[in-house]
Amino acid sequence: MIKTTGLEFAYPGTAAIRFPDVDIAQGAVLLLRGPSGSGKSTWLALVAALVRPGAGSLEVAGQNLVALNRVQADAWRARTLGFLPQKLHMSAALTVAQNLGMAFWAAGAAQDRRRIDAALAAVGVTELADRLPAQLSGGQAQRVALARAVLMQPLVIAADEPTASLDDDAAREALHLLQSSAQRRGATLVIATHDARVGDFFAGPSAAATGHVQTLRLPRLQGPEVAV
Amino acid sequence: MNTLGLAWRYLWSRPLSSALNVLLLALGLASITFLLLVAKQVERAFQRDLAGIDVVVGAKGSPMQLILSGILHLDVPPGNVPLSAVNALKTNPLVAEVIPISLGDNYQAYRIVGTTLAYPRLYGATLAQGRLWEAPMQVVLGATVARTLGLGPGQHFVGSHGLAAGGHAHGDSAYTVVGVLAPVGGVLDRLILTDTASVWKVHEDYTAEDAQDRAAMEEEREVTMALVRYRSPLAAMSFPRWVNTSTEMQAAAPALEVTRLLHMLGLGTDVLRAFAGLLLLTAGLSVFIALWSAVRERRGDLALLRMLGAPPARIAFLLLAEALWLGVLASAAGLLLGQIFMAALVFFLGLDSALLTGGLHWPSELAVVPALALAVSLTAALLPAWGAYRSDVLQLLQTK
Numbered sequence: 000m001i002k003t004t005g006l007e008f009a010y011p012g013t014a015a016i017r018f019p020d021v022d023i024a025q026g027a028v029l030l031l032r033g034p035s036g037s038g039k040s041t042w043l044a045l046v047a048a049l050v051r052p053g054a055g056s057l058e059v060a061g062q063n064l065v066a067l068n069r070v071q072a073d074a075w076r077a078r079t080l081g082f083l084p085q086k087l088h089m090s091a092a093l094t095v096a097q098n099l100g101m102a103f104w105a106a107g108a109a110q111d112r113r114r115i116d117a118a119l120a121a122v123g124v125t126e127l128a129d130r131l132p133a134q135l136s137g138g139q140a141q142r143v144a145l146a147r148a149v150l151m152q153p154l155v156i157a158a159d160e161p162t163a164s165l166d167d168d169a170a171r172e173a174l175h176l177l178q179s180s181a182q183r184r185g186a187t188l189v190i191a192t193h194d195a196r197v198g199d200f201f202a203g204p205s206a207a208a209t210g211h212v213q214t215l216r217l218p219r220l221q222g223p224e225v226a227v
Numbered sequence: 000m001n002t003l004g005l006a007w008r009y010l011w012s013r014p015l016s017s018a019l020n021v022l023l024l025a026l027g028l029a030s031i032t033f034l035l036l037v038a039k040q041v042e043r044a045f046q047r048d049l050a051g052i053d054v055v056v057g058a059k060g061s062p063m064q065l066i067l068s069g070i071l072h073l074d075v076p077p078g079n080v081p082l083s084a085v086n087a088l089k090t091n092p093l094v095a096e097v098i099p100i101s102l103g104d105n106y107q108a109y110r111i112v113g114t115t116l117a118y119p120r121l122y123g124a125t126l127a128q129g130r131l132w133e134a135p136m137q138v139v140l141g142a143t144v145a146r147t148l149g150l151g152p153g154q155h156f157v158g159s160h161g162l163a164a165g166g167h168a169h170g171d172s173a174y175t176v177v178g179v180l181a182p183v184g185g186v187l188d189r190l191i192l193t194d195t196a197s198v199w200k201v202h203e204d205y206t207a208e209d210a211q212d213r214a215a216m217e218e219e220r221e222v223t224m225a226l227v228r229y230r231s232p233l234a235a236m237s238f239p240r241w242v243n244t245s246t247e248m249q250a251a252a253p254a255l256e257v258t259r260l261l262h263m264l265g266l267g268t269d270v271l272r273a274f275a276g277l278l279l280l281t282a283g284l285s286v287f288i289a290l291w292s293a294v295r296e297r298r299g300d301l302a303l304l305r306m307l308g309a310p311p312a313r314i315a316f317l318l319l320a321e322a323l324w325l326g327v328l329a330s331a332a333g334l335l336l337g338q339i340f341m342a343a344l345v346f347f348l349g350l351d352s353a354l355l356t357g358g359l360h361w362p363s364e365l366a367v368v369p370a371l372a373l374a375v376s377l378t379a380a381l382l383p384a385w386g387a388y389r390s391d392v393l394q395l396l397q398t399k
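Chains as they are written, first to last, in numbering that gives the first Met the number 0: chain L, 0 to 227; chain S, 0 to 399.
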């Protein structure tokens, strides 16, 4: 499902980051771990086809990402990858339903209100559809952001530090939602985190249903912070 | 939701800033609309009132004054000319028609013009009520005069001396209204027309002391000027020169004088146009600042849209669409405001009976207004759109 070999990436004027090889199956969970600045963001950007590797091969969901041009990469990302950012980035000008609709707009697809409602229902926040983001609690906002990430029925769901700034109960609930959302669709789940609770969750009994869990540990890089 | 819908929502997520930008743009556009309307109406008024008059012959003095007083009825005439001299023009082989114009009196500031029936015919006037005059002291009213003064056929009034209200009333000589002209949308609407002989009669009745005196006056009858139409355009080469050198009168070509007048007005409108340009530039800058800060505020949103698969071009177009909305709204507001300025000018200066017709006019020149609006707003949006195009997705992924 995600297969990388000899993957390297270099920001202009810095030494290349070398990533360990990865080979995980469809429906598996990949925990991307490592301290700040270890290249987690860069690895996510590579897997999302936002940047091209300097060297190595990179295949996601059967697609060789190195072969895609920018336009093809955008189109591929729109239908293959669901993304849950650390900062949820919901447009204050739009209602919850309209924020979800942005995914259709971004993909150049027609708006489908039934799918929006279904995605909201799947994370248990149907009643929030017509609210503005400012009216949501932190937990509600994260559910909405997750609904947006899975709206296009992606094969890969990537979450960036989903438990940062959450207390233990909320963190467990967030991970459970992510896990069940991925499982329902048979999607591969990639979680970038430096939170030990994430590892505990996927090692513990609540994750018994989860398939294969793999951890990719990235070492601290030498020199100054490079990932933006 | 399509891009235009999305842009609309983004625009009104900052209502104050957007409304101010629309207003700023609209003020510049309104100034331009207003200038275009005034220029168009003045030009049209001149063209309309010239009505095929090739040359005006009158007392020596300023040729512009002759045209302004004799054709547009805006100024006082330079003086009078002998009736015999004007009659002599009719015998000139280059001349097709001579229409005498006698000025001197007014009623409630509306000029009483002594002339012949050829004058209303020149403008293709038709009667709304009554008939044309058949004898001295009968008058036909222009449409505006009849409406404003509430006069109609069968009513009488006494003119006053001079061309403005408040002169000495010619108490003994009352005019009788016999007809009212239909509106022609020109100078005729604000004139009171009568036979040339009426003007003589009023003044001779008023001034003559005895029959001998009157007879002397009849000998020396004058008119104010004559509107002349040529038999052939070639007459323009020699006729004015002949009048200017061989008679005690001057010939003024309306087309020439009006061109000079429009040129002088043009110098004034250039200043206003520069001012409007400055307003538009300010508005453009303001739009730029608003969109630029919008891109900065929404960096995360834009990066997320990229993450969701939106191509950079679609994100840049989102910004341009916001500018497009600003341009469209400002165009509508600017055109409307410009028309309101125009109507206000006409109303407050009372010009509706002179040069400007007021009201809503949509000359094709106004197409420049939306074009300018879109040019300004889209140009202002180019750099922000480029910023949006280049929005950095990696920033979104920062896990620090």
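Treat the hints with caution; some may be incorrect.
To be verified - Here are the simulated distance ranges between beta carbons:
id	chain 1	residue 1	chain 2	residue 2	range
1	S	F274	L	N68	48 to 56 Å
2	L	A14	S	E296	30 to 38 Å
3	L	V70	S	G265	30 to 38 Å
4	L	D20	S	L284	18 to 26 Å
5	S	A374	L	V70	36 to 44 Å
6	L	Q213	S	A374	39 to 47 Å
7	L	R113	S	L381	33 to 41 Å
8	L	G12	S	F274	32 to 40 Å
9	S	A374	L	G12	17 to 25 Å
10	L	Q213	S	E296	46 to 54 Å
11	S	L382	L	D20	41 to 49 Å
12	L	N68	S	E296	24 to 32 Å
Said to hold, decoys possible - Pulled from the structure, derived: some chain L residues nowhere near chain S, Cβ distances all over 12 Å:
id	residue
13	A48
14	A54
15	E58
16	A74
17	L87
18	L150
Stated by the list, open to error - Just so you have them, the derived chain L footprint on chain S, three or more residues with Cβ under 8 Å:
id	region
19	0-9
20	62-71
If you are wondering where the hints come from, they were derived from the structure by calculation, not from laboratory data. Quantities reported herein were computed from a predicted structural model and do not represent experimental measurements. We treat Cβ as the ideally placed atom computed from N, Cα and C, and that holds for glycine.
Going down the list of hints, with the structure as the test:
Checked against the hint of 48 to 56 Å, the C-beta distance between S:F274 and L:N68 comes to roughly 50 Å, which is consistent with it. About 35 Å separates the C-beta atoms of L:A14 and S:E296, a value consistent with the hinted range of 30 to 38 Å. In this structure the hint that L:V70 and S:G265 lie 30 to 38 Å apart at CB is violated, the actual value being about 52 Å. Distance hint check: the CB atoms of L:D20 and S:L284 are about 53 Å apart, inconsistent with the given range 18 to 26 Å.
For S:A374 and L:V70, the hinted distance range of 36 to 44 Å is not satisfied, since their beta carbons lie about 29 Å from each other. For the hinted restraint 39 to 47 Å between L:Q213 and S:A374, the CB-CB distance of approximately 56 Å leaves it violated. In this structure the supplied range 33 to 41 Å holds for L:R113 paired with S:L381, their Cβ-Cβ distance being about 39 Å. Under the hint 32 to 40 Å, the C-beta atoms of L:G12 and S:F274, about 50 Å apart, miss the expected range.
For the hinted restraint 17 to 25 Å between S:A374 and L:G12, the CB-CB distance of approximately 40 Å leaves it violated. At roughly 39 Å, the beta carbons of L:Q213 and S:E296 sit outside the given window of 46 to 54 Å. For the hinted restraint 41 to 49 Å between S:L382 and L:D20, the CB-CB distance of approximately 43 Å keeps it satisfied. A beta carbon spacing of about 31 Å between L:N68 and S:E296 agrees with the range 24 to 32 Å that was offered as a hint.
Its beta-carbon lying about 10 Å from the closest one in chain S, L:A48 breaks the requirement of being farther than 12 Å from that chain. The beta carbon of L:A54 sits about 19 Å from the closest Cβ of chain S, which is more than 12 Å, so the claim that it is off the interface holds. Under the 12 Å C-beta cut-off, the non-interface status given to L:E58 relative to chain S holds; the minimum distance is some 19 Å. Not every CB of chain S is more than 12 Å from the CB of L:A74 (nearest about 7 Å), against its label as outside the interface.
The non-interface label for L:L87 is inconsistent with chain S: the shortest C-beta to C-beta separation is roughly 9 Å, within 12 Å. Listed as outside the interface, L:L150 is inconsistent with that label: its C-beta sits roughly 9 Å from the nearest C-beta of chain S, within the 12 Å cut-off. Counting residues of the region 0-9 of chain S whose CB lies closer than 8 Å to any CB of chain L gives 6, so the stated coverage by that chain holds, three being the minimum. Using a Cβ-Cβ cut-off of 8 Å, 0 residues of the region 62-71 of chain S lie near chain L, which falls short of the minimum of three, so the contact claim is violated.
Hints 3, 4, 5, 6, 8, 9, 10, 13, 16, 17, 18, 20 from the list above are not met by this structure, while the remaining hints are.
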